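Q: Each protein sequence line maps, in turn, to chains A and B.
Residues 9 to 533, numbered by the working numbering, are exactly what the first sequence covers, in order.
Residues 50 to 365, numbered by the working numbering, are exactly what the second sequence covers, in order.
Any given hint might turn out to be false.
[Claimed, not checked] Derived Cβ-Cβ restraints for the label pairs, each shown as a range:
(1) A:K489 / B:A246: 55 to 61 Å
(2) A:S373 / B:P149: 38 to 44 Å
(3) B:P148 / A:V317: 41 to 47 Å
(4) B:A285 / A:P322: 53 to 59 Å
(5) A:S373 / B:P148: 51 to 57 Å
Please keep in mind that the hints were generated in silico from the structure rather than gathered at the bench.
Note that this is a predicted model, so its numbers are computed, not measured.
Just so you know, even glycine gets a beta-carbon here, dropped at the ideal spot from N, CA and C.
Residue-level listing of the chains:
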Amino acid sequence: MSVDASTAVDAPRTGTAAVRALPRTTTHRAAVENVFSPTVVRYRTQLDYPLNFAAGDTGHPMTVVSGSHAQRDDYRVAILTGPVTFTPSCIPASADPGAPCMTDANGPVAAKREWYTFRLSYLDPNNPNAPELDLDVTNFRTDGFLVRSPNDTTTIEGSLWPHQPSCGIPFGPGYRARVFIQYSPYAANDPIPAGADEWLPATILATKTRLAVPGVLLWQNDWSLAPSNAAIQVQGNGFLRPAVEAHTLGGAPTTQTATGSDSYPTITAGVTDLYVVAADCGVPFPNVPFTFLSSPHAATNGHVHNGGVVTPPPTAIADVPAFITGLTGPDGRSQPFHVTAGKFGGVIDIGVHGDNIGAPGFSSSNQFAFMVGFPWLQPFTLIPEDIDLGTTGATAYHPLGSNHYGVPELFELIRWAPTEFRTNVRPDAKKLTVNDMSLELGGYFDLNGDWQASGSHITHRLGFDVDIDRFFTDFNGAVHKMTPQEVFDFKAAMVNDGFARTLTEIPIHFRLKEEDIDKYLASQP
Amino acid sequence: MMRTLLRGSATLASLLLMASTPGQTTVRLPSLNIAGSTLEWSETYDGVRHVYTYRYAIHAAPTNKAPIACFGIDLSGRIERSMVDADLHENIVRSSALPPPPATMIPVGVTIPSPGTTNVFFGRQSALGFCSRGGSWDVQPGASLGGFIIESKLPPGLRTATIDPSGVKQEEVIETADPGDTFVTDDGATSYRVTTAVIGPSDPDPALLYNGGGQSSEVNAFLRYATPTDNRIKLATGTTAYTVVIFYGATITPSTFIATLNGIDITSRFQPIPGSGQAVTIPLGAGTTKLHMGVDGTKASGGKGTDSDTLTFLVP
């Protein structure tokens with residue numbers, strides 16, 4: 009940093025009357041890096057927060073310029089600075105790069121050590137007599153906090169002094185971030201004369217309403233606290249069951265089995281009332297103007313539909329309103345929006361925004377994923393032990409993986425299938441191939457990507473059904489197609505050994521036994 | 050889009066197009082109706098080996114639309130037992146590759162007519178299943194097949210049995226269909242399984258057996274019944290037979306046992322071996338039929354007693 013002897017700068021502002029008047033500055037510039045551009049920053053989430061600040065990682069901070077605001081749900085609000093390099097005899101008079109040296113009557117102060125103090129505090133702007141709240145009391149000792157050892161003359165790469173907002177601190181303005189500096193004319197091992205202050209300017213002790221002032225105020229930033237994004241919410245049941253209606257296959261009831269039959273369960277569509285709610289830390293905000301916007305999440309639940317109908321019909325997943333504006337009521341809640349699930353599983357993205365939450369100028373936005381599906385579905389993935397199984401059935405409409413969801417009992421059924429086939433039908437059979445099961449969230453499995461019920465897959469909705477290809481591989485790698493007799497024998501084996509029931513479909517269709525299914529259905533309210 | 054239905058197979062002659070939508074066709078499947086088919090049973094007890102032998106034969110009704118390929122018998126029990134009992138004869142090879150049945154399934158020895166032609170299943174629901182392997186013994190309409198034997202140390206009881214047709218006729222049609230096709234049967238039926246009751250190994254709770262009443266509890270225990278569970282039994286119109294499952298007390302005197310049906314001596318139908326059970330089917334007609342049984346036995350005190358029970362069957 010260069011020294012510009014011709015430039016005079018103003019003294020740094022003191023901020024409060026309790027701060028001792030600063031020594032005047034001169035035309036000398038500090039031959040040091042000072043705390044280097046301190047800023048108030050906020051980290052929205054823990055993922056944004058630096059893992060290792062000492063290694064130069066500052067994470068993903070958002071700057072809180074003076075007069076703006078942080079939010080209650082910020083992971084941390086912090087003072088972030090650049091490096092500090094100590095050069096004896098020139099103590100910076102401000103926190104700006106290239107700041108002049110602090111001077112006294114003899115010119116630049118004769119300093120051998122320096123000491124920074126960082127503080128985040130709150131002063132109630134509506135009550136001058138209210139005590140100043142040190143935000144870091146529970147987290148950091150900022151009173152006289154020693155940034156670096158008095159004996160240390162090496163560079164400090166930066167500083168980060170965070171605070172975690174909570175419901176314990178109020179909304180609105182009154183928050184301030186400050187950096188103080190003190191210097192010492194004595195080295196660490198120097199004797200300190202009787203009556204002399206080791207650190208200058210001397211600390212002004214705390215009063216009943218104000219915190220101590222540790223030297224010169226180098227920098228200050230005032231900011232406000234806004235409600236969290238969670239202050240605007242959508243409440244209601246966010247996970248509904250899709251409807252499963254009484255249905256038929258080609259005019260007959262759903263099932264036509266080799267060795268038994270059943271009727272597929274009829275499930276009433278899930279319903280809920282959604283509300284927009286403005287509240288934070290348990291305090292409701294009435295009369296908040298809000299905007300509610302929803303749209304189906306593209307390509308969820310396997311409905312990639314590449315080449316098919318990408319956009320679901322309005323009520324295919326659920327009749328969530330697409331766009332609503334309104335005001336919250338006295339209890340912070342909007343009027344309810346009644347929502348009924350459709351027959352398809354899927355995700356509907358909901359965005360909600362509220363203005364003037366808690367105070368004019370405070371806005372919050374929030375995102376929600378409204379889901380329709382069956383909560384018990386899990387992905388079926390091949391494990392190393394599945395040497396006798398392969399998977400297939402991927403299409404442009406429903407890519408690989410999206411078509412293999414089910415319940416653990418179905419996975420067990422699938423994993424026994426090769427053994428059953430080999431033991432009871434073809435001793436030379438090695439490998440079977442698993443075709444469609446259910447989609448990730450269940451609901452209609454529209455084979456043609458058209459958001460229409462597909463006859464042959466009308467039962468692939470709850471994770472209880474699986475198709476097995478008729479083609480199998482023998483131990484020499486040759487591929488064979490099961491004969492009708494072998495298909496029947498295979499089905500009979502799976503049924504008689506108690507793993508499955510069968511449906512008449514192409515390819516071979518197995519379904520869990522009633523008792524396995526009933527267990528899941530009973531878990532649904 | 051219309052598609053040609055007959056796909057080069059004479060067996061598909063009955064295949065009809067029912068409806069057609071793009072990419073999806075509804076295809077008719079032949080009926081597999083086997084209503085009227087039965088599973089005949091008999092039961093004997095070897096007092097030396099203390100083993101019950103249950104024999105079964107399939108009778109396929111002449112009106113069947115398909116051969117019978119499988120049947121099964123519920124063998125669920127109350128308590129866990131070892132599934133393998135070397136005292137029980139069998140001629141099957143049990144697969145160790147498949148999961149074992151529930152430990153409460155009643156242990157049995159299984160003999161099949163022609164080893165290698167039958168898949169035998171010890172199912173996860175405790176059902177013992179028999180299926181024709183590769184159609185090797187499919188029972189054609191009007192035909193019968195016996196020789197299925199179960200041995201067990203557990204006494205007889207009423208069990209649920211199922212009889213299933215071969216689905217090969219349908220599979221031959223299904224094979225020619227396309228993915229996305231849906232199916233409907235010629236007769237609209239959704240199941241062709243026949244469910245019936247047979248006598249098979251059972252695991253009754255002795256405390257729940259019906260003692261016939263009339264005497265002291267100790268004497269009443271000389272003759273007890275799994276069925277019926279009351280001395281007046283109302284049956285459906287047209288019922289022509291009833292199977293009494295009787296348990297003989299361990300201290301009875303077999304030579305004193307008598308049984309009459311509406312006064313006619315039918316003692317010879319019973320095999321009163323002390324400590325055993327027996328299933329005896331009696332004929333019934335419309336109206337009231339009375340089955341009287343009596344036996345002497347020894348009480349714990351050393352004294353004698355006579356248990357005398359009369360069961361009244363009412364067929365409207």
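Q: Are there hints from earlier that the structure breaks, and if so, what are their numbers?
A: 1 and 2
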